[in-house]
Amino acid sequence: MGLQEKLRREARTLADKKEAKATPESKAARAAEGRGTYKAQQAAATGTSEKKRRVGTKMVPLPSDYIVPERDAYLTPALECRHLGIDFGGLHAVENFNLTVGKTEIAGLIGPNGAGKTTVFNLLTKVYQPTRGTILLDGMDTAHMSTDKVCQLGIARTFQNIRLFPSLTVEENVMIGLHNQVRCGMWSGIFRAPRYWLAEREFHRKSLELLDVFGMADQADAVAGSLPYGAQRRLEIVRALATDPKVLLLDEPAAGMNPSETSDLMDNIIKIRDQFQIAVLLIEHDMDLVMGICEGIVVLNFGKVIAKGTPDQVQANPQVIEAYLGVQDEEA
Amino acid sequence: MGFLSNVVNGISLGSVYAIIALGYTMVYGIAKMLNFAHGDVIMVGGYLSFISMVYLGLHPVFAVLIAICGCTVLGILIERLAYKPLREASSLDVLITAIGVSYLLQNLALLIWKSDPKVYPSVIQAEPLRFFEGQLIISPVSLVTVLVNILIMVGLTLFTTRTRMGKAMRACSEDKGAAQLMGIDVDKTISLTFAIGSGLAAIAGVLLCSAYPTLMPTTGSMPGIKAFTAAVVGGIGSIPGALLGGLLLGVAEIFAKAYISTQFSDAIVFAVLIIVLLVRPSGLLGKPVNVKV
Amino acid sequence: MIERIKKMGRASKSDLITYALVAAAFIIVQLLLMNGVITSSLRGQLVPICVYIVMAMSLNLVVGISGELSLGHAGFMSIGAFAGVVAASALTGFIGAPIPRLLASMLIGGILAGAAGFLIGIPVMRLQGDYLAIVTLAFGEIIKNILNNLYVGIDGAGIHISFTSVGALAMDGGKVIINGPQGAVDIEKLSTFAIGFALVVFALAVILNLVRSRSGRAIMAVRDNRIAAESVGINTTKYRMMAFVVSAFLAGMAGALYAMNYSSIVPKKFDFNTSILVLVFVVLGGMGNIRGSIISATVLTILPEALRPIADYRMLLYAIVLIAVMLVSNSTHLRMLIDSLKARLRRDPDDDGPAGEAPEGGENVG
Chain A
1117 MGLQEKLRRE
1127 ARTLADKKEA
1137 KATPESKAAR
1147 AAEGRGTYKA
1157 QQAAATGTSE
1167 KKRRVGTKMV
1177 PLPSDYIVPE
1187 RDAYLTPALE
1197 CRHLGIDFGG
1207 LHAVENFNLT
1217 VGKTEIAGLI
1227 GPNGAGKTTV
1237 FNLLTKVYQP
1247 TRGTILLDGM
1257 DTAHMSTDKV
1267 CQLGIARTFQ
1277 NIRLFPSLTV
1287 EENVMIGLHN
1297 QVRCGMWSGI
1307 FRAPRYWLAE
1317 REFHRKSLEL
1327 LDVFGMADQA
1337 DAVAGSLPYG
1347 AQRRLEIVRA
1357 LATDPKVLLL
1367 DEPAAGMNPS
1377 ETSDLMDNII
1387 KIRDQFQIAV
1397 LLIEHDMDLV
1407 MGICEGIVVL
1417 NFGKVIAKGT
1427 PDQVQANPQV
1437 IEAYLGVQDE
1447 EA
Chain B
148 MGFLSNVVNG
158 ISLGSVYAII
168 ALGYTMVYGI
178 AKMLNFAHGD
188 VIMVGGYLSF
198 ISMVYLGLHP
208 VFAVLIAICG
218 CTVLGILIER
228 LAYKPLREAS
238 SLDVLITAIG
248 VSYLLQNLAL
258 LIWKSDPKVY
268 PSVIQAEPLR
278 FFEGQLIISP
288 VSLVTVLVNI
298 LIMVGLTLFT
308 TRTRMGKAMR
318 ACSEDKGAAQ
328 LMGIDVDKTI
338 SLTFAIGSGL
348 AAIAGVLLCS
358 AYPTLMPTTG
368 SMPGIKAFTA
378 AVVGGIGSIP
388 GALLGGLLLG
398 VAEIFAKAYI
408 STQFSDAIVF
418 AVLIIVLLVR
428 PSGLLGKPVN
438 VKV
Chain C
187 MIERIKKMGR
197 ASKSDLITYA
207 LVAAAFIIVQ
217 LLLMNGVITS
227 SLRGQLVPIC
237 VYIVMAMSLN
247 LVVGISGELS
257 LGHAGFMSIG
267 AFAGVVAASA
277 LTGFIGAPIP
287 RLLASMLIGG
297 ILAGAAGFLI
307 GIPVMRLQGD
317 YLAIVTLAFG
327 EIIKNILNNL
337 YVGIDGAGIH
347 ISFTSVGALA
357 MDGGKVIING
367 PQGAVDIEKL
377 STFAIGFALV
387 VFALAVILNL
397 VRSRSGRAIM
407 AVRDNRIAAE
417 SVGINTTKYR
427 MMAFVVSAFL
437 AGMAGALYAM
447 NYSSIVPKKF
457 DFNTSILVLV
467 FVVLGGMGNI
477 RGSIISATVL
487 TILPEALRPI
497 ADYRMLLYAI
507 VLIAVMLVSN
517 STHLRMLIDS
527 LKARLRRDPD
537 DDGPAGEAPE
547 GGENVG
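Heads up: the protein sequence lines correspond to chains A, B and C, in order.
Residues in the first sequence are numbered from 1117 upward in steps of one, following the working numbering.
Residues in the second sequence are numbered from 148 upward in steps of one, following the working numbering.
Residues in the third sequence are numbered from 187 upward in steps of one, following the working numbering.
Since the hints were derived computationally from the structure, they do not count as laboratory data.
Careful: at least some of the hints might be erroneous.
Cut-off 20 angstroms, straight-line C-alpha distance, at most; resulting in silico cross-link-like pairs (EDC-like, lysine to aspartate or glutamate) [unchecked claim]:
| hint | chain 1 | residue 1 | chain 2 | residue 2 |
| --- | --- | --- | --- | --- |
| 1 | B | K179 | B | D334 |
| 2 | C | K455 | B | D263 |
| 3 | B | K179 | B | E235 |
| 4 | B | K335 | B | E235 |
| 5 | A | K1362 | A | D1254 |
| 6 | C | K199 | A | E1316 |
| 7 | C | K199 | A | D1337 |
| 8 | C | K454 | B | D263 |
| 9 | A | K1387 | A | E1368 |
| 10 | A | K1420 | A | D1203 |
| 11 | B | K231 | B | D334 |
| 12 | A | K1387 | A | D1404 |
| 13 | B | K314 | B | D332 |
| 14 | C | K455 | C | D498 |
| 15 | B | K261 | C | D498 |
If you anchor each label on the Cβ, the simulated ranges turn out as follows [to be verified]:
| hint | chain 1 | residue 1 | chain 2 | residue 2 | range |
| --- | --- | --- | --- | --- | --- |
| 16 | A | R1321 | C | D498 | 57 to 63 angstroms |
| 17 | B | R311 | C | D498 | 47 to 53 angstroms |
| 18 | A | Q1245 | C | I524 | 40 to 46 angstroms |
| 19 | B | G302 | C | V352 | 50 to 56 angstroms |
| 20 | C | P495 | A | K1265 | 55 to 61 angstroms |
| 21 | A | D1203 | C | H519 | 45 to 51 angstroms |
| 22 | C | I524 | A | T1426 | 54 to 60 angstroms |
Some residues of chain A that are not near chain C, with every Cβ distance over 10 angstroms (derived) [what the hints assert, rightly or not]:
| hint | residue |
| --- | --- |
| 23 | D1203 |
| 24 | A1209 |
| 25 | N1212 |
| 26 | P1228 |
| 27 | E1288 |
| 28 | K1322 |
| 29 | R1355 |
| 30 | P1375 |
| 31 | S1376 |
| 32 | D1390 |
| 33 | N1417 |
| 34 | I1422 |
| 35 | D1428 |
| 36 | Q1435 |
| 37 | I1437 |
| 38 | A1439 |
Please read all numbers here as calculations on a predicted model, not as lab measurements.
The beta-carbon is built from N, C-alpha and C at its ideal position, and this holds for glycine as well.
Modelling step: build the complete structure from the supplied sequences, incorporating the hints.
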């Protein structure tokens, strides 16, 4: 990354931060200043909140160690998380999670079991609403959005335990993924208006096109639940792609696959990225896959980021080795 | 004084709801299913005690015991025959089966005992208590109902916290898989839950019929649904919740009848159910459940 | 023509068979009617059969296609019935011919029931599973409770509505249409079998067309996996609501047709038992299987009529049907047996794949 660009990025994130991270007191004070209301007078009289803002404000460093592939440096990142966190009861399941995924980056999210990786995915897709922090999808804040809204905005995912629509056919599964790409309202559907026939043709064409990416077009009429395991995983990816995402989240895409299937999958992920020009963020335990295709990697342990960098950097990081292998008392 | 006697009637009716609600809440807590047929077990309890007293001429105490035994056996049978094969089925299928069982009991009762309402002789034969120079009359049935309710609540709380079987029950309601790994016989525990719930339903049936002495094959369905409401209001799976919900609902129903409208009292009770389910689906004393993705 | 049928997908073929079945049934009944073979008691059942078919199909849209258990379906039927009766009376001066008036009344009944479905759906759709079932049951009971205390009359000044008594209507001559617990009285019997058949075809077309469209796929996606449906950008509430409202609308139309087949009708007719009856049709016909609903509603309505001795045991039979279907469909042994029998009967070379974990009553809609 060029130095100039790095500085520019930092300046931009700082500016954003200033807006987002303004403390409640300072916000209130600023609002009051503008209006010169009773509140401002009160604040001036006591003098506390004003003073606090100038003197007592705790300044924190912003995460500026973001890295993205050089080709994406001039583009808005596909995904940015800042200080993301969620509590379950008293437990900080994810804390201070910072991440940037470049426009066409293939990024990896790894960590031991129970580190909070899937929770991060659930936060990104708003299955859980984050307790703290912001998520920017292609520069847009997704605060308070529902799962279906963020999907429409451009985030798609697959699930660790496959969640297809098992009683429907392969083609129907993809058509459902295309839900927001082809429009046809209830009335045109019920009365079979010309719009319906056009839409159905479009659905059919697009879904076969997408299935073809994985060479599954010949299985279009099979019932999804009857497909072999590997094919179900592939279908889930196709369905996610059908939503025309900017970021594709893959939750353990290689789980349960044999080495040859995994190697096909690696080729396919790269192919998808190249063909659709999207970012991919994947959770995976298969290190050959992660180190083989990921450009940037984030390591999570106990809900916190313990390392990030290129595959080489991460592999050499002592903290990562410790998290995966436990503390070694003596050199073996 | 009208107000006071309304309160007394409300608490008495609420106590019956609370006893029925216990059956719902325990089964829901452990088997995670809405036992729709629970209300009809109440009706069976009513008929069993009625037959014992009127046709067989037994002492009310024996009649109550027969009803309890009969309903306990019925509860275990229902669980074994209808619900156990559906442990792995979808909740939609289980609920439909439960509705089927409820319907089956009602229509069997209709065939055996016919549709004409029976006049139920109260199990407690005593003079009503009079207070404030006869302005507040408390029927002995109300008094006994409240006392029985207190006894059951205390007994059940002790049972679930102190005994081995009770602890096993709580373990099953937390996590069936883990309980099984700890050597708890889950099937036996579920059967026990149904047995206790149905036994309590029999007691509730006797008390309900003593207070409102018309017995029909459909006697149990309305109180059943209302008691389920009570269980939800209190927080499903919670024993104190069943008590609280039952009392609240009983008082609300009597007050609605007295001060708002007799015709719309059922609608009001159901409106309470809907509001509670929407505003606080986990109930007053329940804990929220998180969906795992 | 035959070429076109061959080229059609499995789903469209299945739909065609359903339409053909309904048409054939209509022709057979017409022929029997002309030859006077049908007994008068069965003839009286023709409109109710059509009504129950529509009720079963519309409930199947909610239970089978959308995957929610609604126990208040009779409530929507009753709204349609009473609204239809009032509309038919009020429209007397505007539409003279009985058939258009019946159709207009059915439409009004359907729209009101659909509107009620929407209003009820706002809170109901926030719930799932058992709680949703109980709340729909509660709404059904509330509707019955309200209708039991509803008094409607019509006179020169227009329609009068009261919730206390006939006296409170303050009528100036005219006639009482709905009289509290006694229900609708002096109904003009407008319903005919032909209209009933038309309603069946209409409801069938609405449901099948909906299911085969983008909206229908979204509804089924929500049923199969709510979280996955959300994750591909489907607004789950919207599509559950769509199924619920369309179902209520069709039930309302059926209710209006039903009411105008009798000279009087009481609110008690539309109680929980009726909701369960329709549920029995749906369960026996197969959840999600529209053709099955049509067949089971017809058979279960004619059977007790035709076989008097079992009429007393009708309700008992329904209860056993509910339990038995659930136990059988959830028994792995029996399901394997049925699957192997089916495979042998069909001898379909494409059908030897692993059965997998396909859930109940999903795929064969229609």
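The hints, checked one at a time:
no.: 1; hint: B:K179 to B:D334; in the structure: 14 angstroms, holds
no.: 2; hint: C:K455 to B:D263; in the structure: 19 angstroms, holds
no.: 3; hint: B:K179 to B:E235; in the structure: 11 angstroms, holds
no.: 4; hint: B:K335 to B:E235; in the structure: 17 angstroms, holds
no.: 5; hint: A:K1362 to A:D1254; in the structure: 8 angstroms, holds
no.: 6; hint: C:K199 to A:E1316; in the structure: 17 angstroms, holds
no.: 7; hint: C:K199 to A:D1337; in the structure: 14 angstroms, holds
no.: 8; hint: C:K454 to B:D263; in the structure: 18 angstroms, holds
no.: 9; hint: A:K1387 to A:E1368; in the structure: 18 angstroms, holds
no.: 10; hint: A:K1420 to A:D1203; in the structure: 13 angstroms, holds
no.: 11; hint: B:K231 to B:D334; in the structure: 8 angstroms, holds
no.: 12; hint: A:K1387 to A:D1404; in the structure: 18 angstroms, holds
no.: 13; hint: B:K314 to B:D332; in the structure: 12 angstroms, holds
no.: 14; hint: C:K455 to C:D498; in the structure: 18 angstroms, holds
no.: 15; hint: B:K261 to C:D498; in the structure: 11 angstroms, holds
no.: 16; hint: A:R1321 to C:D498: 57 to 63 angstroms; in the structure: 59 angstroms, holds
no.: 17; hint: B:R311 to C:D498: 47 to 53 angstroms; in the structure: 48 angstroms, holds
no.: 18; hint: A:Q1245 to C:I524: 40 to 46 angstroms; in the structure: 45 angstroms, holds
no.: 19; hint: B:G302 to C:V352: 50 to 56 angstroms; in the structure: 53 angstroms, holds
no.: 20; hint: C:P495 to A:K1265: 55 to 61 angstroms; in the structure: 60 angstroms, holds
no.: 21; hint: A:D1203 to C:H519: 45 to 51 angstroms; in the structure: 47 angstroms, holds
no.: 22; hint: C:I524 to A:T1426: 54 to 60 angstroms; in the structure: 56 angstroms, holds
no.: 23; hint: D1203; in the structure: 21 angstroms, holds
no.: 24; hint: A1209; in the structure: 18 angstroms, holds
no.: 25; hint: N1212; in the structure: 26 angstroms, holds
no.: 26; hint: P1228; in the structure: 25 angstroms, holds
no.: 27; hint: E1288; in the structure: 6 angstroms, violated
no.: 28; hint: K1322; in the structure: 12 angstroms, holds
no.: 29; hint: R1355; in the structure: 6 angstroms, violated
no.: 30; hint: P1375; in the structure: 23 angstroms, holds
no.: 31; hint: S1376; in the structure: 21 angstroms, holds
no.: 32; hint: D1390; in the structure: 23 angstroms, holds
no.: 33; hint: N1417; in the structure: 26 angstroms, holds
no.: 34; hint: I1422; in the structure: 28 angstroms, holds
no.: 35; hint: D1428; in the structure: 33 angstroms, holds
no.: 36; hint: Q1435; in the structure: 33 angstroms, holds
no.: 37; hint: I1437; in the structure: 34 angstroms, holds
no.: 38; hint: A1439; in the structure: 29 angstroms, holds
Hint compliance for this structure: hints 27, 29 are broken, all remaining hints hold.
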